[in-house]
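Number of protein chains: 2
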Amino acid sequence: MNNINSICASVLSRIKPCDAEKTRLAALAHSIINRINAIGKEEGLPVSGKLVGSSARGTWLSGEHDLDIFIMFPPDVSREYLEEKGLYVARKIAKGAQSYEERYAEHPYINAIFDGFEVDLVPAFSVPSAAAIRSAVDRTPFHNDYVISRIKGLKDEVLLLKQFMRGAGVYGSELKTHGFSGYLVELLIIHYDSFIEVLRAACNWKYGTTIDLEKHASVAHKDPLIVIDPTDPARNVAAALSLDNMCIFIDRACEFLENPSEAFFSVQVPEPLDDASFRNTLHARGTSLIAIDFRAPDVVEDVLFPQLHKMEESVHEMLERYDFRVYNSSIWADERAVILFELESAQLPDVKKHTGPYVWSGEHALAFKSKYRESNTFSSIYIRDGKYMVEIQRKYTRANRLVESEITKCGLGKHVALSIKEGYRVLENDDILSIRDEDFRRSLRKFFEK
Amino acid sequence: MNNINSICASVLSRIKPCDAEKTRLAALAHSIINRINAIGKEEGLPVSGKLVGSSARGTWLSGEHDLDIFIMFPPDVSREYLEEKGLYVARKIAKGAQSYEERYAEHPYINAIFDGFEVDLVPAFSVPSAAAIRSAVDRTPFHNDYVISRIKGLKDEVLLLKQFMRGAGVYGSELKTHGFSGYLVELLIIHYDSFIEVLRAACNWKYGTTIDLEKHASVAHKDPLIVIDPTDPARNVAAALSLDNMCIFIDRACEFLENPSEAFFSVQVPEPLDDASFRNTLHARGTSLIAIDFRAPDVVEDVLFPQLHKMEESVHEMLERYDFRVYNSSIWADERAVILFELESAQLPDVKKHTGPYVWSGEHALAFKSKYRESNTFSSIYIRDGKYMVEIQRKYTRANRLVESEITKCGLGKHVALSIKEGYRVLENDDILSIRDEDFRRSLRKFFEK
Chain A
1 MNNINSICAS
11 VLSRIKPCDA
21 EKTRLAALAH
31 SIINRINAIG
41 KEEGLPVSGK
51 LVGSSARGTW
61 LSGEHDLDIF
71 IMFPPDVSRE
81 YLEEKGLYVA
91 RKIAKGAQSY
101 EERYAEHPYI
111 NAIFDGFEVD
121 LVPAFSVPSA
131 AAIRSAVDRT
141 PFHNDYVISR
151 IKGLKDEVLL
161 LKQFMRGAGV
171 YGSELKTHGF
181 SGYLVELLII
191 HYDSFIEVLR
201 AACNWKYGTT
211 IDLEKHASVA
221 HKDPLIVIDP
231 TDPARNVAAA
241 LSLDNMCIFI
251 DRACEFLENP
261 SEAFFSVQVP
271 EPLDDASFRN
281 TLHARGTSLI
291 AIDFRAPDVV
301 EDVLFPQLHK
311 MEESVHEMLE
321 RYDFRVYNSS
331 IWADERAVIL
341 FELESAQLPD
351 VKKHTGPYVW
361 SGEHALAFKS
371 KYRESNTFSS
381 IYIRDGKYMV
391 EIQRKYTRAN
401 RLVESEITKC
411 GLGKHVALSI
421 KEGYRVLEND
431 DILSIRDEDF
441 RRSLRKFFEK
Chain B
1 MNNINSICAS
11 VLSRIKPCDA
21 EKTRLAALAH
31 SIINRINAIG
41 KEEGLPVSGK
51 LVGSSARGTW
61 LSGEHDLDIF
71 IMFPPDVSRE
81 YLEEKGLYVA
91 RKIAKGAQSY
101 EERYAEHPYI
111 NAIFDGFEVD
121 LVPAFSVPSA
131 AAIRSAVDRT
141 PFHNDYVISR
151 IKGLKDEVLL
161 LKQFMRGAGV
171 YGSELKTHGF
181 SGYLVELLII
191 HYDSFIEVLR
201 AACNWKYGTT
211 IDLEKHASVA
221 HKDPLIVIDP
231 TDPARNVAAA
241 LSLDNMCIFI
251 DRACEFLENP
261 SEAFFSVQVP
271 EPLDDASFRN
281 TLHARGTSLI
291 AIDFRAPDVV
301 EDVLFPQLHK
311 MEESVHEMLE
321 RYDFRVYNSS
331 IWADERAVIL
341 FELESAQLPD
351 VKKHTGPYVW
361 SGEHALAFKS
371 KYRESNTFSS
381 IYIRDGKYMV
391 EIQRKYTRAN
401 RLVESEITKC
411 GLGKHVALSI
421 KEGYRVLEND
431 DILSIRDEDF
441 RRSLRKFFEK
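Residue numbers (the UniProt record's numbering), protein chains in the order written: chain A, 1 to 450; chain B, 1 to 450.
You can't tell identical chains apart in this list, so a pair holds if it fits in one copy or across any two.
Derived lysine-lysine pairs resembling DSS-like cross-links, with alpha carbons at most 25 Å apart:
| hint | residue 1 | residue 2 |
| --- | --- | --- |
| 1 | K22 | K155 |
| 2 | K371 | K387 |
| 3 | K50 | K22 |
| 4 | K176 | K222 |
| 5 | K353 | K310 |
| 6 | K206 | K369 |
| 7 | K371 | K206 |
| 8 | K206 | K387 |
| 9 | K395 | K421 |
| 10 | K387 | K450 |
| 11 | K310 | K176 |
| 12 | K387 | K310 |
| 13 | K176 | K387 |
| 14 | K369 | K450 |
Since the hints were derived computationally from the structure, they do not count as laboratory data.
Small disclaimer: the values here were computed from a predicted structure and weren't measured.
Use the sequences and the hints to build the structure in full.
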């Protein structure tokens, strides 16, 4: 335990924002909020600025430099009014930024860089309770209030847990990560009272473990981990957490308690896989690799990654349907997107067994027999287990030809489908080395070594 | 219908025994029965001879030349007495034969060649009813009586149906064939009244079709075709018929009625597959072939074939368990036995995904992790769907090595196991051409072309 304490102290000294950083952040937040309030007054708009998120709660990690500032509207204005005027105010403020762009979640909002800080300027309704929200972000101020009222004395614990989860690669609730959100981390600390107690508890978590701080759950959830929102009895704060990220956290927690080390808090960045190692690895494994390479659609990650995962799943399903067995698959994206499939074999026999109807199925049997009697088959029509069978030429004996020919028939998200329509390459084995992006090569190492 | 009639007439002229054949058979049966009765009298044994089977009923196909002669004992003698004295009498008679051998079914019996006829001399109990039988063969005299009393005027129909089934390869109830027995053919003719009516009915047969001539069924059967024995309400005469042979008959029956031709009555003997055709076929199909070649154990077919099928099934199951996908398999036997497997591929990647326990499974999880943490694996231990996974070296990447190493662990029948213990070869692809037996080569063609 002494050991754990000294590890935590050492980690904290790295991740805890220093006073200078705190002061800079507070000053920036203060000035932006003042600007919002001033614009409201000047132009007669019913708006007020509010700092939310980890920066409002004092639970941000040193260097994170993310500010969430809400432009609050009264709950009785229309959605159109909020969207129009909210964006108007945000743009005015963003004009003072180093750079900014408009982004789209449920509403449009602005992401701007001020003085090295990434600031989200988000219009929201100031509703009377979390149960009365008009858009998803309206919940945040309630989270803010709940956490601020209970987090005193526990902020360091929050920082440790966040950094531990970063080290495990499970921190962040975006759809790219499917991990633990900052709010979820804060609730776990409030519930279990310390970083170490969260780890101890996690060692006994199972699929379906439920945490209900306010004992007010009102709906059954089927998620791997269920943490009832203290501000909304019907909501699971951990709904975005994937089973595997929950399990990685369980595993890391037990491992750390068994053999504590500072390494658990470090983000591991794999070395890029070079050409020779790629060739050696693939040869040693004896499998085949197929990559679909195309321009990544220009949309935010929360839109892009679900579409890439959908494509990964639907191409996987198609490969298996055509008898190609998939060992592993993954997605990667930057300017381009690459979907990788490791196959037992990229080639299948020409012959394929084709099962027909039961012998006693009347017209179906006749139709099957007349279709295959005259065609060029490997075998005559025969009977197995009461059904007609025939051995025919397989349509696709090579996985790359299958993907090239049938990819547009796979279920693809809107933006990915458009990008694929523009063009794509299907690469096999060594051809994949033509992708030289360093981050892709890191992901290749992770693909093989896990 | 005229066409069918003329086809049947033409077939009948080939398959119906001529008067000379009938006379020769009757004379031989008469003399053997007389000998049995005479020996009984001379030696004070309570025996009498009885001709049973198709030769007794006048429903044998020309050239079949099989005689079943029973040596009947009173039902109150002991099993040992019957076996000892029955074999004694049979041996005395067989001394007059060209050749003979002792065989074993439920009792020992003698198979002898007299004057080109194959004669089975079988001791049996003369029981008062089929319900009171003491051994399986005791039923036969009751079948004999039932058929003889009803078959008058229908014998030609029986011959046609038997020959039609021979043409389809489904005649014979031995465990090698799993087809229709002679008695079953006779019952179908008695029930449906003619060859053509049996075919018409068969076109509407389904799995579980039940025929109960005496409307006295007393037990539920789960067989594909159920024909209740008129002499035993608990017995299904078609119990040995396989689903696929039933279906082949259904299919042939419909095809014949649609396009009648004498070809349906001819046994198709495939040409042996020569070396070049074998190579071309295998290359075109793109699959791999594995053959297990060993000395066929010296036992009767009814013992040998079930053991070969058991071996086929258990090696098939093992191949699939080790991820080798089996497209087709078959057995062949003469002096040697060969089990063939057509595989999607005879080679698999070195890497194999190995699934461990759930992350929350406590000791199991610890044991899995400690086992694979230090060993030489392709990947680190990772998590998928809540379970630990690791990628390890596959034990057998080649199907022939698997079979060579693990065949003795497969479920094998007694005689086959002994023979395998003596030695066997596992041949792959072109090596299989070292088996030059012509009948094996015929079976190879059938294996591919069906």
